[in-house]
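Visitor: Please arrange chain C on chain H, whose structure you already have, making use of the hints.
The listed protein sequences correspond, in order, to chains H and C.
Counted the way the working numbering counts, the first sequence spans residues 936 to 1280.
Counted the way the working numbering counts, the second sequence spans residues 936 to 1280.
Errors might be hidden in some of the hints.
[As the list claims (entries may be wrong)] Covered stretches of chain C, as calculated for chain H (at least 3 residues, CB under 8 Å):
(1) 1090 to 1103
(2) 1124 to 1138
(3) 1169 to 1182
(4) 1197 to 1208
[Claimed, not checked] Here are the simulated DSS-like cross-link-like pairs (lysine-lysine), alpha carbons at most 27 Å apart as the crow flies:
(5) 1267/C with 1092/H
(6) 1231/H with 1158/C
(7) 1244/H with 1231/H
(8) 1158/H with 1158/C
(9) 1231/C with 1099/H
(10) 1099/C with 1267/H
(11) 1231/H with 1267/C
(12) 1092/H with 1099/C
(13) 1267/H with 1092/C
[Unchecked claim] Between beta-carbon pairs, the in silico distance windows are:
(14) 1204/C with 1020/H: 37 to 47 Å
(15) 965/H with 1241/C: 51 to 61 Å
(16) 1106/H with 1259/C: 22 to 32 Å
(17) 1106/H with 1264/C: 18 to 28 Å
FYI, nobody ran anything at the bench for these hints, they're computed from the structure.
Keep in mind that this is a model prediction, so the values were computed, not measured.
By construction, the Cβ of each residue, glycine as well, lies at the ideal position given by its N, Cα and C atoms.
There are 2 protein chains.
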Amino acid sequence: MNTTFLKACRGEPTDYTPVWMMRQAGRYLPEYHTVRSRYSFLDMCKTPEAATEVTLQPVDLIGVDAAILFSDILVVPEAMGAALEFVENRGPVLPEPVRDQAGVDRLIVPDPEDKLGYVMAAIRMLRRELVNKVPLIGFAGAPFTNATYMIEGGSSKNFFLTKKMMYTEPDLYGRLMDKITETTILYLKAQAEAGAQALQIFDSWAGALAPCDYAEFALPYVKRIIAALKEGGVEVPLIYFANNGATLLDQCRTVGADVLGLDWRINLDDAARIVGPGIALQGNLDPCALLLPAEKMEPRVARILEQGKAAHGHIFNLGHGILPEIPPEQAKLMVEMVHRLSRKN
Amino acid sequence: MNTTFLKACRGEPTDYTPVWMMRQAGRYLPEYHTVRSRYSFLDMCKTPEAATEVTLQPVDLIGVDAAILFSDILVVPEAMGAALEFVENRGPVLPEPVRDQAGVDRLIVPDPEDKLGYVMAAIRMLRRELVNKVPLIGFAGAPFTNATYMIEGGSSKNFFLTKKMMYTEPDLYGRLMDKITETTILYLKAQAEAGAQALQIFDSWAGALAPCDYAEFALPYVKRIIAALKEGGVEVPLIYFANNGATLLDQCRTVGADVLGLDWRINLDDAARIVGPGIALQGNLDPCALLLPAEKMEPRVARILEQGKAAHGHIFNLGHGILPEIPPEQAKLMVEMVHRLSRKN
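The following block holds chain H by itself, in its conformation from the complex (with noise of 0.2 Å):
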């Protein structure tokens, strides 16, 4: 079994730096929609077997150092209750958006066994075909970041009806707020007695906020998540994502995680510096990077390597997710230079 990349979550030495990439199991490969060709994305999502099929894929064909759970973070919503379609080219819809407190009434707190048993029985199945391979990651997003989707009713550019709730109705925010953080809690947990064996909090959307506004809107959620999962006897590695959050990490800090996420806009040492010692740091390629060609994609991948050292672990992955467009060999070069590179140092 590859233990690298746990030992990176946790700050302990190893011999390369561990490497994978979020959305690795997605559209840039052939085989994935070979897979897709046969369910629609939300089936894939719920039917273990296809689920766990994907999530295997970049493991054999690109030789990442963890495998992460093929699955959305807008089962959850679902899950509570709130109706998710996935239209073709336009993403995730919720047709039924939270507005007002009948519709935060209407959501419930469900078992995870009961209403997402599909993502543990896929952690469970891949536990299995992971043996002697590499770790497996499990991962949800957070509050905020799934408090937009159902307030807005999918994607949004500027966040106006969440923002909105939140600056006139705080109290309808924080109970909308309070219903999703309790239950990512019990699903995180169920994700780590089903076997993950590190969880990612993907805060896709808290770069949005002004420093303040993640103060008293966002942050104070994922403590609540981590410190539960915590004291709840997870013991595995926990990550926080906060995506275009530069300027929010001295908060990010403060949140519990082992390792923080981080996007291409900041450098990594600059990110060690603000975060200071006992944090491992994980990123941070700019996903359109890896079209460039090896003599020139080397330096920049040795620049993030040589920036990790100043942290307390480095997993090197890409600062957001890897991108349809890009052809698999060049992720499958990128992540041999990462071992190459590391390991010469």
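Guide: Chain C alone, transformed into the frame defined by chain H:
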């Protein structure tokens, strides 16, 4: 004539903190819709009487300390020969994107009085109307931002094609940027000569770039524009706004601008520390925070004013354009609040 804005740009003492809002001549005003109903968006930009009328509206209705010319950054690509359409509810579309050498060759570096004369006509008309009122700001897009529209053919989520050209055809990218840069120098110079009393360069998508890419592919061109303007005798204050650019600020400070604009993601005092002496700051209320009830808006405005004291001159603004959904009376409330609170201090 209210010169508070111009004094703050130069870091001179003012009786109160001046304030204006990006997109202040825009869709949140019913009076704007009245004019807009008679023209298409692009025709309104090209009709000096219409552009003048809507530019003046927020000066009288909202009480801002500066007028900014009603126009669009994409009139520059269009003047260079790129076809441009504004599609209702979809935004700008450039149906013939620039993606190869032939595409770059087809672009011209136009004489601004020839191809963009309507802008200079509006500026001259506005200066007559604004006598004894407030200063007039002219503007242009930064080369990187305009290049993204020209390469992608419109707005973009990941700027994949732009980065692809940067990474795989850097010479082609450079030739495109050179042409945009030359055009922008002539255009801004012509605006100053026509009477613009300050010039803002909008780098709306700079925040999509990693610091190393910004240094190589965006910043040098803005530097060239500002140097050419200053060497060419343009003496009006120059404002540079790199949106979502908190991690680029240490580079932005070297661009040569008198003022740096900031979005709401960074605290002004943190920005002032990075930027250092001699540069004024402009910003940075979250546009959605205009939804706050007065008693909650006030402490937030007060905090920004307090943080702004750390800067060598502060111009209050939103961190991005005002949104169409904002009630005009809320904008007016904010402007009065800025004036009242900063006078008291």
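Visitor: Are residue 1231/H and residue 1158/C close enough, with their CA atoms no more than 27 Å apart?
Guide: holds (25 Å)
Visitor: Is 51 to 61 Å a correct range for the gap between the Cβ atoms of residue 965/H and residue 1241/C?
Guide: 56 Å Cβ-Cβ, so the 51 to 61 Å window holds.
Visitor: Within 22 to 32 Å: is that where the Cβ-Cβ distance between residue 1106/H and residue 1259/C falls?
Guide: With a Cβ separation near 27 Å, residue 1106/H and residue 1259/C satisfy 22 to 32 Å, so the hint holds.
Visitor: At least three residues with a C-beta closer than 8 Å to a C-beta of chain H: is that true for the stretch 1124 to 1138 of chain C?
Guide: It is violated: at least three residues are needed, and the stretch 1124 to 1138 of chain C offers just 0 whose Cβ sits closer than 8 Å to chain H.
Visitor: If you draw a straight line from the CA of residue 1267/C to the CA of residue 1092/H, is it 27 Å or shorter?
Guide: holds (25 Å)
Visitor: When you check the alpha-carbon spacing of residue 1099/C and residue 1267/H, does it fall within 27 Å?
Guide: Roughly 18 Å separates the two Cα atoms, so the pair holds.
Visitor: Quick check: the stretch 1197 to 1208 of chain C, covered by chain H? Criterion 3+ residues, Cβ under 8 Å.
Guide: Holds: 5 residues of the stretch 1197 to 1208 of chain C have a Cβ under 8 Å from chain H.
Visitor: With a cut-off of 8 Å between beta carbons, are at least three residues of the stretch 1169 to 1182 of chain C near chain H?
Guide: The restraint on the stretch 1169 to 1182 of chain C holds, since 3 of its residues have a Cβ under 8 Å from chain H and three suffice.
Visitor: Tell me if the straight-line CA distance from residue 1231/H to residue 1267/C falls inside 27 Å.
Guide: violated (51 Å)
Visitor: For the pair we were handed, residue 1267/H and residue 1092/C, check the Cα-Cα distance against 27 Å.
Guide: Given that 27 Å is the threshold and the Cα spacing comes to 25 Å, the pair holds.
Visitor: Would you mind confirming whether the straight-line C-alpha gap from residue 1158/H to residue 1158/C stays at or under 27 Å?
Guide: The hint is violated at about 42 Å.
Visitor: Keeping to a limit of 27 Å between CA atoms, is the pair of residue 1244/H and residue 1231/H held or broken?
Guide: Holds: residue 1244/H and residue 1231/H sit about 21 Å apart, inside 27 Å.
When held up to the earlier numbered hints, the structure conflicts with 2, 8, 11 and fits the remainder.
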